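Trainee: Respectively, the protein sequence lines represent chains A, B, C and D. Sequential numbering from 2 applies to the first sequence in our numbering. Sequential numbering from 2 applies to the second sequence in our numbering. Sequential numbering from 2 applies to the third sequence in our numbering. Sequential numbering from 2 applies to the fourth sequence in our numbering.
In short, the hints are calculated from the structure, not lab data. A few of these clues could be false.
It does not matter which identical chain is used: a pair holds within one copy or between any two.
Claimed, not checked - Here are the simulated lysine-lysine pairs, BS3-like style, with alpha carbons at most 27 Å apart:
#, residue 1, residue 2
1, Lys282, Lys125
2, Lys310, Lys282
3, Lys76, Lys310
4, Lys76, Lys282
5, Lys125, Lys76
6, Lys231, Lys125
7, Lys231, Lys76
8, Lys310, Lys125
9, Lys231, Lys282
10, Lys290, Lys76
11, Lys231, Lys290
12, Lys290, Lys310
Predicted, not measured: the structure shown is a model, and the values here were computed from it.
4 protein chains.
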Amino acid sequence: MPLDETARGVYVIAPTPFHEDGRIDLASTDRMTDFFLQEAGADGMTILGVMGEAPKLDAAESLDITQRIIRRAGKAGIIVGVSAPGFAAMRALARGAMEAGAAGVMIAPPSTLRTDDQIVTYFKQAVEAIGADIPWVLQDYPLLFTVQMTPGVIRRIVQELPSCVMLKHEDWPGLEKISALRGFQADGSMRPISILCGNGGLFLDFETERGADGAMTGYAFPDMLAELVKLSRAGERDRAHDLFDAHLPLIRYEQQFGVGLAVRKYVLRRRGVIASDAQRKPGSTLGAKARAEVEYLLSRLARHDARAKLAPAG
Amino acid sequence: MPLDETARGVYVIAPTPFHEDGRIDLASTDRMTDFFLQEAGADGMTILGVMGEAPKLDAAESLDITQRIIRRAGKAGIIVGVSAPGFAAMRALARGAMEAGAAGVMIAPPSTLRTDDQIVTYFKQAVEAIGADIPWVLQDYPLLFTVQMTPGVIRRIVQELPSCVMLKHEDWPGLEKISALRGFQADGSMRPISILCGNGGLFLDFETERGADGAMTGYAFPDMLAELVKLSRAGERDRAHDLFDAHLPLIRYEQQFGVGLAVRKYVLRRRGVIASDAQRKPGSTLGAKARAEVEYLLSRLARHDARAKLAPAG
Amino acid sequence: MPLDETARGVYVIAPTPFHEDGRIDLASTDRMTDFFLQEAGADGMTILGVMGEAPKLDAAESLDITQRIIRRAGKAGIIVGVSAPGFAAMRALARGAMEAGAAGVMIAPPSTLRTDDQIVTYFKQAVEAIGADIPWVLQDYPLLFTVQMTPGVIRRIVQELPSCVMLKHEDWPGLEKISALRGFQADGSMRPISILCGNGGLFLDFETERGADGAMTGYAFPDMLAELVKLSRAGERDRAHDLFDAHLPLIRYEQQFGVGLAVRKYVLRRRGVIASDAQRKPGSTLGAKARAEVEYLLSRLARHDARAKLAPAG
Amino acid sequence: MPLDETARGVYVIAPTPFHEDGRIDLASTDRMTDFFLQEAGADGMTILGVMGEAPKLDAAESLDITQRIIRRAGKAGIIVGVSAPGFAAMRALARGAMEAGAAGVMIAPPSTLRTDDQIVTYFKQAVEAIGADIPWVLQDYPLLFTVQMTPGVIRRIVQELPSCVMLKHEDWPGLEKISALRGFQADGSMRPISILCGNGGLFLDFETERGADGAMTGYAFPDMLAELVKLSRAGERDRAHDLFDAHLPLIRYEQQFGVGLAVRKYVLRRRGVIASDAQRKPGSTLGAKARAEVEYLLSRLARHDARAKLAPAG
């Protein structure tokens, strides 16, 4: 089912599981997919994202893993990152992903864009390249891409390009931006879109209250994210914040550039989701001090959330 | 007493209190100084920092408030930010600050620096400009300045410039950097320096454990920072983290670019430290939603820390 | 006489003459002022520019040299650069410059500006700070400042801020921008402004043909620039290009970041305008190979332009 | 024959010829290859460069055109740009290019690199990815990539990675860098490498005198570049500069970001090398004023160089 503006809940940014020797770990990929979508309560997954290890896969591997995850996912929506240095590659990735059964694609702006017009023009050209029939997610991540899109620019993109159905919101700070965009919808100047939030979930407690529809991020406890979104939607404010606050020390620790993926894979391995936390070269690893810090954070979290109660590290 | 490498504890990054009409609020400045240094247990203050409202002060105002705070501070050390677009202005600020009784000055790298040699050369020239007799703090804040200093480059600066006595550490991620620098000291390749951490305190719980001497940041509860540093130094790990975790939701909220100062002044006003949270133009303000979120965070914090139990907002 | 939108011709970006020991060379300053304005046919000068050595002057020196040049300049218009990290300093510089008799001031955007709205807002705040009565020049130099202003954004600034009377145009490429702005004037959507071009004059041959009013740059033969602008205005296209092409090898050589000022001062010294090509520390110098290259370029230029026929280098 | 450190002369950065409807123009591709290598006297070509239209080709098209040009080129060396967002894609491109018969590949640093160590590490990882048996060109283009490599860093790369055989030098300013690198060779601290210069040839007159082995750039008169390099090598200094100076007004005009490719294709079409100056979408075009300016520059050049004497534009 194609992605549309009614999407909500949690779309997990999925890492790529590898064996220690650098081969893709297919069994872990399957288990991870099942875990995210069956056990953790996620509504979908986003794969081949710009911050993950997708650039370390060659074209055949990318297509293989995309197809495998989509097949395994069943009815859940899989979004495929198609940002590329040129529109020809973007088109090939996008058409290939949709043929494989993806729900939609995600596009980030190249870091050279500066003016409002440059930004809008880029996304018009991208849609012309991939085709107006593919639903897509606009990724707004100024801290990484150094491209700043005002609410007004996002509105121009949404209004001029009907196939844009979702915003991956990870501006920082970003709470007022959510309010501004929802205000545009309320005053009728922008059609509705889905807003899912990134940034490792660091502000998700308030983002849902501001009108976000959920999360698209990769925190190692996506089950908590899904629960938080439901509590918030049910108006259980205090319970939502209690849950969030218990996880915040670890969320914050995982939200470190470069180190973050190593932490995420480490915790996913400790939770039994993937077999190894190896990264394909060139990758980062956690030193002994960092591993001990993560274990300490897990042990503290376990006092509040049984999911963090893990067998001793091997 | 001049700043040296034994400095530890908390040096509060001080905001500038204004009246609603934009004039400097001298009474609040005095009260804030007393609060930070007498009540909150801070060891010093850092003023005229690059992220505060110092650039909105004219030269006479800057000198006035520097002198006033230094007089009021008594024996506590006052560090004065002297980053400037040119060395002539930097020299004038630094000599003026020291004559007024400052303990030392702080210098940030200009955002144009890229290569290792450019960075080292800049600080050599800066020391030549201000004079080798003034103790100074090296500010390492890549997220803001876009200048990346490896541990090796910091070691070169420390070894070649004896008047550099402190690092204001706010790289992100930064825990391994602290370990690397303390490792240099341990293996004898770098002389000891003081390391105080910024970034709003977002990682202070682990930074102290990695070997940092304390904090130099502006969180609205510097009394908590001081307590945390003491607990950590006393080996009270769990108590330190319990205290930190209770504050983390607000620390995280205050650590938003641009918005942060508005939150900080709002909370300091609510705590009775300053009379108004006005910023001199052009400034940011908290909208109604943001104010309500801060109040909610304070009410939740108050369950764990009585200092956050405040009279209802007026 | 205050600067207005009818300004045309050449405003020389003036270097600061120093003695070998770093003191300001007042006699050379006077001689340089006379040379630019009496002999070379320039219509004005721009001082304390962001790329010169202004940041190496302390506040008293800046004011002194500003007053001295303005007195010496007589009726010619002196524009003073007032870009500063904060509005308080900008206001102080601007008011001081105008009291000293400046014709106007020049403001560059800080490198942090990204979106169209941020840019327009910044200049509104700047005008609010310095006062709407001071005529000012908008400096558009994306290569240096990394701020990109579209023609539409420049139009917004011009229309919303009547005290903006001139554009220092140094976008690169920039010919179409001049045409776009003059098109706005032609269709009545923008009021007239003066456009003077920078970039070392590298495109001045065509910029005047596109509608620029002249040059504001620092090439060591401002007399050539003045002559070129006159030829172009008189419709002597081929003669203008012949003159320009003869100088282009040297213009191009001088238009090298960092090295440029050393070349400029070297040639001005060789022409007898200033006594020394010393830069105040930290400065750049020409190595032996570079000096020989400049001499070779001068000797080749001398075949076409007698002004380049100089006594052998000492 | 694989590329090595003895390479000299001119390697033309080749554009991709398109039909008006966006299809690759194979006949023009052949004619262009013949022209560059047979008539213009170039020693090789560089294809799929980062500034050309390579990102607009899909993978199959890239491989097709690479194979076609290599077959057509005969013994001349073809260098293939393999810069990519990830090492898997870089490896695939590099192995594919070498299998097709390329002489070597070219790698540019990603714009996120800052510190000396990051830069050296990146190229080590790249060589590990593509294999140490593939000769490669280090592209040093700070203005575009915002990565600054000091001569010392280049030396580290050259010394640690024997398969690096050439530097594409386009730092700006860059003359002293050539001298520094040749100095390293002279003092024995760096093994010899080939240095070919880019930047549209804007400084080629002096770059050859500083020790560069030639040019790797895309100016529309590569025959002039080849002649210049020969004159310079033969010690015909004045004749080399006479030739260069005649072309400089056009070289300078072509050296405009974004516009440059449109100028280049326009002139190549006017010279009969390619059938159309169309760019695949999204592309830039020359407006009427710009075309007239180029025609005027060609007519002026024709007084000195008969190759610029062209039939009237159609």
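Trainee: Each of the hints needs a verdict: does it hold here or not?
Mentor: Here's how the hints hold up against the structure:
With identical chains, the CA atoms of Lys282 and Lys125 are at most 27 Å apart between copies only, with a shortest distance of 12 Å across copies and 35 Å within one. For a Cα distance limit of 27 Å, the shortest separation of Lys310 from Lys282 qualifies neither inside one copy, at 31 Å, nor across copies, at 51 Å. In this homomeric assembly, Lys76 and Lys310 never come within 27 Å of each other (Cα to Cα): the closest approach is 31 Å inside a single copy and 49 Å across copies. For the identical chains of this complex, Lys76 and Lys282 are neighbours neither inside a copy (33 Å) nor across copies (36 Å), given an alpha-carbon limit of 27 Å.
In the homo-oligomer, the alpha carbons of Lys125 and Lys76 never lie at most 27 Å apart, since the shortest distance is 30 Å inside one protomer and 43 Å across protomers. Within a single copy, Lys231 and Lys125 get their C-alpha atoms no closer than 35 Å, and across copies no closer than 45 Å, so neither meets the 27 Å cut-off. For the homomeric pair Lys231 and Lys76, the shortest alpha-carbon distance inside one copy (20 Å) is at most 27 Å, but the shortest distance between copies (54 Å) is not. Taking CA atoms no more than 27 Å apart as the test, Lys310 paired with Lys125 passes in neither setting, with 48 Å inside one copy and 41 Å between copies.
For a Cα distance limit of 27 Å, the shortest separation of Lys231 from Lys282 qualifies neither inside one copy, at 38 Å, nor across copies, at 41 Å. For a Cα distance limit of 27 Å, the shortest separation of Lys290 from Lys76 qualifies neither inside one copy, at 41 Å, nor across copies, at 37 Å. Taking the closest pair of Cα atoms, Lys231 and Lys290 come within 27 Å of each other only across two copies (21 Å); inside a single copy the shortest separation is 35 Å, beyond that limit. For the identical chains of this complex, Lys290 and Lys310 are intra-copy neighbours only, at 20 Å inside a copy versus 36 Å across copies, given an alpha-carbon limit of 27 Å.
The structure is inconsistent with the numbered hints 2, 3, 4, 5, 6, 8, 9 and 10, although it conforms to all the rest.
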